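Undergrad: Residues per chain, in single letters:
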Amino acid sequence: MGLELFNTLILCLLVVVAVLSLWVRDLVVSAVVFAIYSFLMCLLWAEMGAVDVAFTEATVGAGVSTVVLIATVFNLKRKAKD
Amino acid sequence: MSDSIVWIVLFPLFGAVACALGGAMSKKICYPVSVLSMLATVWVSVDTLFQAIESPVHEVSYILGGWSLDLFPRGVGIEFRADLLGALIALVVTGVGLIVALYSKVPVQRETPGKEPMYYGLFLLQISGLAGIALTGDAFNLYVLIEVAALTGYGLIALGTNRAAAATFNYIILGTIGASFYLLGVGYLYLKTGTLNMVGIREVIEAHGLFDSPAMQVAFVLVLLGILIKMAFFPFHAWLPNAYCHAPTTTSCLLAPLVTKVMIYVMIRMVLTVFGVEFSFESTWWTEFLPWLVVVAIVCAAVMALAQREIKRMLAYLIVAEVGYMVGGVWIYNYYGLIGSVFHIISDACMTLCLFLGAGIILEKCKTTHFNGLRGLFAKMPLTMIGFFIGGFSIIGLPPTCGFFSKWYLITGGMVSERWEYMITLMFSTMVMVVLFFRLIERIHLAVDESGNNLGKGHGDLGLTKQQTRFDEAPLSMLIPLLLAASVVLLVGVYNQEVVNQIEVFLQPFNLPTGVKYE
Amino acid sequence: MKKAAFILVLCIGLLLAWAAKDFPSWGDPQSPASSSPVASHFIANTGVDTEVPNMVTAVLADYRGFDTMFETVVVFIAGLAVFSILRGGPKNRTRDREFVVDFEPDLIVTNTVRLIVPVIQIFALYVLAHGHVSPGGGFQGGVAMGASFILIALSWDLKTALARFPIERCFTVAALGIVIYAGIGLLSLFLGGEFLDYAHLAKIFPVSPEMARYHAMLGVEIGVGFTVTAIMFALYASLSTDGRMRDGL
Amino acid sequence: MFEDGSIFNQLLVERLNYFIYVVLLLIGLWAMIAKNNLIKKLIGMSIFQTAIILFYVSIGVKEGATIPIYLPEHDPHGSHAQLDSNQTELLSHGAKVLEASAVPNYTNPLPHVLMLTAIVVGVATLGLALSVCLRIYRGYGTVEEDELLEKLEREDSRKSGGSNKRRPRRRTPANKGGPAGQSKRGQTTEKTKSDKPTPRRRQASKSRTKTNGPAKEQAKSSNRENDKPKPVKRRRPARKPKEDKS
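Chains as they are written, first to last, in our numbering: chain A, 1 to 82; chain B, 1 to 519; chain C, 1 to 249; chain D, 1 to 246.
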């Protein structure tokens, strides 16, 4: 039961974070929120028994993707119009 | 040799790695390395085709990693299967790759100077991916190979101008949506069948009678939608004209004949091998309406092609129209339509190659592909123009070329299935292509000013100056591939029966309706 | 445009939700995917076939090794494409970024990183080598290794990181990774098996066919690790400098 | 379908995973289609792909099963505590096929493997797309879709549409097929001269076109590659005020 609650909580948070990362205008913030999204996803998968996928998501999704996104945004305009 | 099927993928792969490794030392080796590896690839794919023809079951199966296929839904390892269709498409892919690799010497040096190792690396990996798509027998492996082909495609296009990069972005977005839908569809398939092997999936569908299952229906929709997006079917075609028009010459020569055609092959593979004929045509009510969508697609694409004033862009819209032909040929649900569709994949690859090679030479020599820059080109480079127009005549569908025969089968299929709307659209688009190409011929042969008035005075005077008619042919490294492609168009046309025989052998087991229901 | 997109998206959503009613119930061990002989074969036979306790590694590197090879190729393609797309831009464009980064490396940060980087690299090697018995493998290890170089670039500057791992060497290493992977596959092809059929490596190495698979998988993972390490760093180096390979983030 | 209360209920309670995956997928898809900023589109793309991965992982969930790594009693090498070189050889012969009763103890590894591949493909696509974004910014000075489309339209009409109606007019003098971006310097002076030709100039070039048409067109189109840095020049004045506003 505890796990189920955990599961539900993360699932709801995921939607919130996904919307937030698209809603925020500052692209760096958006990238960081996306990292949070990836990390939540990684927690969820670890809980669902997919440890390897979770590990990969933690390194690739929350790690490299975010760094690369931020590195790119630093070369662009930081504010998005929507 | 018995392993030739896997070498079709490995030769370009190793060629690409050799380019990337050796290119760091000397950029000169990239061209010979890629031509050599393509030669080897063509050789093994011819070998595979003959193996498939000679084998009693008409297919070559190769299990990577040597895992057995004994389980009921097979699929422990990844299987490479070359039935006649797959082997034919693989041969087309590698053949086109060889011709374009030969052709690439001058344009690559001019358009992407200093990036040859990367360019040839991506080029060869593209061929590796596309050939793999034609041969793989595993639904998920197909996704990986589609992404290999797509990513190299993005890279090859974006290597052009900044405008090309802007066009690439649309391609990336649409391509990713398409591939992801395909992946999702495969997920639904896996959820219901528990295997990823293409034949295994069909065996499970037939054994468990999953024809009416909603998840399977949705899987079918998703897979089909994904593939239609990837092949630039009409409402999703937005990325194609810009991408092919602004891409470097060699890229457009490689991608235009292959990418859309290979995706149509994937559609046929999905319909026949994965879902099976019964599921695809008989348990889905809405597929009957697809030919109407095709009608819209062909008409819109043809009209838009008519509005273009630039050869490459016009050709890009023609590709969109041709995609409509082939999709229609599949969904009129008919034996002859499918023969036409498969044969049209082959002939369209050859003739599009011919046209894009010709357009590339025009761009190289005249620095423009706009209609206004074509004045008197025939006098200047007659051989190039002959090659170009053999491709053009094939698109129109004039008899000795292969385009005629494939169109013949498509129209026969439309007639047998009584899909008159499809037939009429084919006729209409043929008219449009006649207009397009004869307008081009006029411009290339005569001197015509921008508003279309003839500047010549008749009687042999074309209104061209001496300087404009000076014989100035393209470099041989570009001309020979073009003439090679043109002769392939003619050869496939002349020996069409040989090709059609193989396609018939492939289609026989599927019991498609031959549609004699006139009584 | 936005409305049309919304309606389109909603239609797809309804379609997917409609299909969800046909799904097997949550976590059902009898669902076709979980109970299929293919899945059971992986679970039951991995130990006999390959002696690898982590089934995911075994399936990734052996049963479906061909997928993984092309996955590595995809990474390689991304590196090649990004590097060549961005190269050849204007060399001396002034930094018209909105916020200029201070280039003086911070003492505390650099010293911390100096301590952390070896640990990260050891951990990356551990993840790579220990992927047979615990979660991990070539990708995760490779990404962690690449991240250590990215960390150096972040805390000092890109020049320092490039001095340790020049960009040309990145592509050599990445290509080498693919050569290792495909080379192991080819070796087994030449030894009389199918491509990537590692069991035939037992003919030249003094191990049983199962242990040959086990060790070949390690070799394959090392190849993957090479490619991923190099390309992740090359991606960062290219993207953070807009292809100029100077003054990064 | 949705009106049916039971299915809705089922979706929300029993299959929350499947429901959330659909929601995330739609959010991502919507962002890819409708968002204006290219980077936002890419974040949407990543969300979209992650949602699909979530779906696959959900397929693999099995009630009462552990992660797909052998427990010590099924480990082909026996317990790892006693692993040393001699014993490995001995114990490795003990590896045997898991009996059917033990199979439900482990999660299906196949979806996990597939998703490892999908994640890596996703990050490769993301990196490539970001580099394309940088390239677009280099050429057009913006990553907002509407501004970009405007600039592209202007460029296209200058290139083809413009010369469609009028005579091909003279623009930047030919730089003889230089590669991308190398002709950056020395562009400013040429630009002021030739980018906006006065009507008189255009007239002049028109008359010249008539005398030797193709030659002129050669000159015109060899700029095809060279004229792209021009928007970069135009960018700065255009960009600054906009930033101030927003």
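FYI, nobody ran anything at the bench for these hints, they're computed from the structure. Mixed in with the good hints, there may be bad ones.
To be verified - Subject to a maximum C-alpha distance of 20 angstroms in a straight line, what follows is the list of computed PhoX-like cross-link-like pairs (lysine-lysine):
no., chain 1, residue 1, chain 2, residue 2
1, D, LYS151, A, LYS81
2, A, LYS81, C, LYS159
3, A, LYS81, C, LYS3
Predicted model, so just to flag it, every value in this text is computed and none were measured.
Undergrad: Work down the list of hints and note, for each, if the structure agrees.
TA: Outcome of the hint check:
Pair hint D/LYS151 plus A/LYS81 holds up; C-alpha atoms about 17 angstroms apart against a cutoff of 20 angstroms. Straight-line distance between C-alpha atoms of A/LYS81 and C/LYS159 comes to about 34 angstroms, which puts the hinted pair past the 20 angstroms bound. Simply put, A/LYS81 and C/LYS3 have alpha-carbon atoms about 18 angstroms apart, close enough for the 20 angstroms limit, and the pair holds.
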